[in-house]
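Engineer: Throw the hints in and build the complete structure from the sequences for me.
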Amino acid sequence: MGIGEILGLIVFGAVIGVLKNSGLDGHVVVTGQDAGVSGIQGIVNGKQSMTVFKNVKLEAQAAAQLAILLIQGKDPSTAGITLSDFSDPQAPSHSLKALLLPAQVITQANVQDVVDAGALKTADICKNIADACSKLGLS
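Residue numbers (this note's numbering): 701 to 839.
Calculated from the structure, these hints are not laboratory results.
Check the hints yourself; a few may be wrong.
[Unchecked claim] Listed next, the in silico DSS-like pairs over lysine-lysine satisfying Cα-Cα at most 27 Å (straight line):
#  : residue 1 : residue 2
1  : K821      : K757
2  : K797      : K757
3  : K757      : K774
4  : K757      : K720
5  : K774      : K797
6  : K720      : K835
7  : K821      : K835
8  : K797      : K827
9  : K720      : K827
10 : K821      : K754
11 : K827      : K757
12 : K774      : K827
13 : K827      : K747
14 : K747      : K835
15 : K821      : K747
16 : K797      : K747
Structural biologist: Shown next, in the form of C-alpha coordinates:
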(Lines of atoms letter the chains of each structure in order from A and count residues from 1; the text may use other names and numbers.)
(Lines give C-alpha, C1' and ligand atoms only; values in the text may rest on other atoms or scores of the structure.)
Protein backbone atom coordinates (compact mmCIF):
# COMPACT_ATOMS: atom_id res chain seq x y z
CA MET A 1 0.00 0.00 0.00
CA GLY A 2 1.49 3.33 -1.08
CA ILE A 3 1.32 6.65 0.70
CA GLY A 4 -1.50 7.80 -1.60
CA GLU A 5 -3.63 4.80 -0.69
CA ILE A 6 -2.88 5.28 3.01
CA LEU A 7 -3.84 8.98 2.88
CA GLY A 8 -6.95 8.11 0.88
CA LEU A 9 -7.95 5.56 3.48
CA ILE A 10 -7.43 8.06 6.29
CA VAL A 11 -9.45 10.78 4.55
CA PHE A 12 -12.21 8.36 3.52
CA GLY A 13 -12.41 6.97 7.06
CA ALA A 14 -12.51 10.47 8.53
CA VAL A 15 -15.30 11.60 6.21
CA ILE A 16 -17.38 8.49 6.85
CA GLY A 17 -16.74 8.83 10.62
CA VAL A 18 -17.94 12.45 10.66
CA LEU A 19 -21.04 11.54 8.66
CA LYS A 20 -21.79 8.59 10.94
CA ASN A 21 -21.37 10.68 14.10
CA SER A 22 -23.67 13.31 12.61
CA GLY A 23 -26.36 10.78 11.72
CA LEU A 24 -25.77 11.34 8.02
CA ASP A 25 -24.04 8.04 7.21
CA GLY A 26 -25.69 6.73 4.05
CA HIS A 27 -27.59 9.98 3.47
CA VAL A 28 -24.81 12.06 1.87
CA VAL A 29 -23.29 11.19 -1.48
CA VAL A 30 -19.59 10.35 -1.12
CA THR A 31 -17.49 9.91 -4.26
CA GLY A 32 -13.86 9.23 -4.96
CA GLN A 33 -11.18 8.94 -7.57
CA ASP A 34 -8.67 6.31 -8.71
CA ALA A 35 -10.66 3.19 -7.76
CA GLY A 36 -8.35 2.18 -4.90
CA VAL A 37 -9.13 -0.67 -2.53
CA SER A 38 -10.63 1.56 0.18
CA GLY A 39 -12.85 3.38 -2.30
CA ILE A 40 -14.07 0.19 -3.92
CA GLN A 41 -14.75 -1.30 -0.48
CA GLY A 42 -16.75 1.84 0.33
CA ILE A 43 -18.81 1.31 -2.82
CA VAL A 44 -19.34 -2.39 -2.10
CA ASN A 45 -20.55 -1.72 1.45
CA GLY A 46 -22.69 1.27 0.41
CA LYS A 47 -20.66 4.02 2.11
CA GLN A 48 -19.46 5.54 -1.17
CA SER A 49 -21.58 5.94 -4.29
CA MET A 50 -18.93 5.94 -7.01
CA THR A 51 -15.29 6.34 -7.95
CA VAL A 52 -13.44 7.14 -11.16
CA PHE A 53 -11.38 4.35 -12.71
CA LYS A 54 -8.54 5.10 -15.10
CA ASN A 55 -7.30 1.84 -16.58
CA VAL A 56 -3.51 1.92 -16.33
CA LYS A 57 -3.25 -0.74 -19.05
CA LEU A 58 -4.91 1.64 -21.52
CA GLU A 59 -2.63 4.46 -20.35
CA ALA A 60 0.49 2.32 -20.80
CA GLN A 61 -0.63 1.07 -24.20
CA ALA A 62 -1.34 4.61 -25.44
CA ALA A 63 1.96 5.94 -24.04
CA ALA A 64 3.92 3.16 -25.73
CA GLN A 65 2.15 3.70 -29.07
CA LEU A 66 2.72 7.44 -28.87
CA ALA A 67 6.39 7.02 -27.92
CA ILE A 68 7.01 4.68 -30.85
CA LEU A 69 5.40 7.10 -33.30
CA LEU A 70 7.39 10.05 -31.95
CA ILE A 71 10.67 8.08 -32.04
CA GLN A 72 9.89 7.18 -35.66
CA GLY A 73 9.31 10.87 -36.40
CA LYS A 74 5.69 10.24 -37.37
CA ASP A 75 2.74 12.50 -36.70
CA PRO A 76 0.49 10.75 -34.12
CA SER A 77 -2.59 11.78 -36.11
CA THR A 78 -1.54 9.37 -38.89
CA ALA A 79 -2.25 6.54 -36.42
CA GLY A 80 -5.56 8.01 -35.32
CA ILE A 81 -4.19 9.58 -32.15
CA THR A 82 -5.61 12.99 -31.36
CA LEU A 83 -3.60 15.22 -29.06
CA SER A 84 -5.29 18.11 -27.24
CA ASP A 85 -3.64 21.50 -26.79
CA PHE A 86 -3.06 23.01 -23.35
CA SER A 87 -1.34 26.17 -22.15
CA ASP A 88 1.54 25.75 -19.75
CA PRO A 89 0.42 27.49 -16.52
CA GLN A 90 4.05 28.37 -15.74
CA ALA A 91 4.81 29.71 -19.23
CA PRO A 92 1.64 30.64 -21.20
CA SER A 93 3.59 31.04 -24.43
CA HIS A 94 4.66 27.37 -24.18
CA SER A 95 2.16 25.00 -25.77
CA LEU A 96 1.62 21.53 -24.32
CA LYS A 97 -0.16 18.55 -25.86
CA ALA A 98 -1.96 15.72 -24.10
CA LEU A 99 -3.52 12.44 -25.06
CA LEU A 100 -6.85 12.32 -23.21
CA LEU A 101 -8.15 8.85 -22.43
CA PRO A 102 -11.59 7.86 -21.16
CA ALA A 103 -12.28 7.33 -17.49
CA GLN A 104 -14.99 5.01 -16.19
CA VAL A 105 -17.45 5.67 -13.39
CA ILE A 106 -17.51 2.68 -11.04
CA THR A 107 -20.61 1.96 -8.94
CA GLN A 108 -21.98 -1.18 -7.27
CA ALA A 109 -23.31 -2.21 -10.68
CA ASN A 110 -19.86 -2.48 -12.30
CA VAL A 111 -17.26 -3.01 -9.55
CA GLN A 112 -16.33 -6.25 -11.31
CA ASP A 113 -14.93 -4.17 -14.21
CA VAL A 114 -12.02 -3.05 -12.00
CA VAL A 115 -11.23 -6.68 -11.17
CA ASP A 116 -11.64 -7.78 -14.81
CA ALA A 117 -9.17 -5.07 -15.88
CA GLY A 118 -6.62 -6.53 -13.46
CA ALA A 119 -6.41 -3.33 -11.41
CA LEU A 120 -7.48 -4.93 -8.11
CA LYS A 121 -8.01 -8.44 -6.78
CA THR A 122 -11.33 -9.60 -5.39
CA ALA A 123 -9.55 -10.95 -2.30
CA ASP A 124 -8.23 -7.46 -1.50
CA ILE A 125 -11.57 -5.76 -2.12
CA CYS A 126 -13.58 -8.30 -0.14
CA LYS A 127 -11.24 -8.51 2.87
CA ASN A 128 -13.48 -8.07 5.94
CA ILE A 129 -16.58 -7.35 3.79
CA ALA A 130 -17.26 -10.78 2.24
CA ASP A 131 -21.02 -10.61 2.84
CA ALA A 132 -21.33 -7.30 0.99
CA CYS A 133 -19.24 -8.70 -1.87
CA SER A 134 -21.43 -11.80 -2.08
CA LYS A 135 -24.55 -9.65 -2.35
CA LEU A 136 -23.02 -7.97 -5.43
CA GLY A 137 -21.83 -11.26 -6.90
CA LEU A 138 -18.26 -10.02 -6.84
CA SER A 139 -15.93 -12.80 -7.90
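Engineer: Compare the distance between the alpha carbons of K797 and K747 with 27 Å, and conclude whether the hinted pair is satisfied.
Structural biologist: Violated, because 38 Å separates the two Cα atoms, which is more than 27 Å.
Engineer: Going straight from one Cα to the other, do K747 and K835 come out at no more than 27 Å?
Structural biologist: Satisfied, since the Cα-Cα distance of roughly 15 Å is no more than 27 Å.
Engineer: For the pair supplied as a hint, K720 and K835, is the alpha-carbon distance within the 27 Å limit?
Structural biologist: 23 Å, holds
Engineer: Taken at face value, is the distance from the CA of K827 to the CA of K774 at most 27 Å?
Structural biologist: 48 Å, violated
Engineer: Taken at face value, is the distance from the CA of K757 to the CA of K827 at most 27 Å?
Structural biologist: Measuring from Cα to Cα gives roughly 25 Å; hence the hint holds.
Engineer: Are the Cα positions of K827 and K747 separated by 27 Å at most?
Structural biologist: 16 Å, holds
Engineer: Measure nothing beyond the straight line between the CA atoms of K757 and K774; if it is 27 Å or shorter, mark the hint as holding.
Structural biologist: 23 Å, holds
Engineer: Hint check: K797 vs K827, CA-CA at most 27 Å. Holds or violated?
Structural biologist: Violated. K797 to K827 sits at ~41 Å, over the 27 Å cutoff.
Engineer: Below or equal to 27 Å on CA atoms is what counts here, so check K757 against K720.
Structural biologist: Violated, at roughly 36 Å.
Engineer: Verify the proposed pairing of K821 with K757, using a straight-line Cα cut of 27 Å.
Structural biologist: Holds: K821 and K757 sit about 15 Å apart, inside 27 Å.
Engineer: Does K757 sit within 27 Å of K797, going by the straight-line distance between their CA atoms?
Structural biologist: Distance ~21 Å between K797 and K757 Cα, so the pair holds.
Engineer: With the threshold set at 27 Å, check whether the alpha-carbon distance from K821 to K754 stays at or below it.
Structural biologist: Cα-Cα ~16 Å, so holds.
Violated hints, listed in ascending order, are 4, 8, 12 and 16; each of the other numbered hints is respected by the structure.
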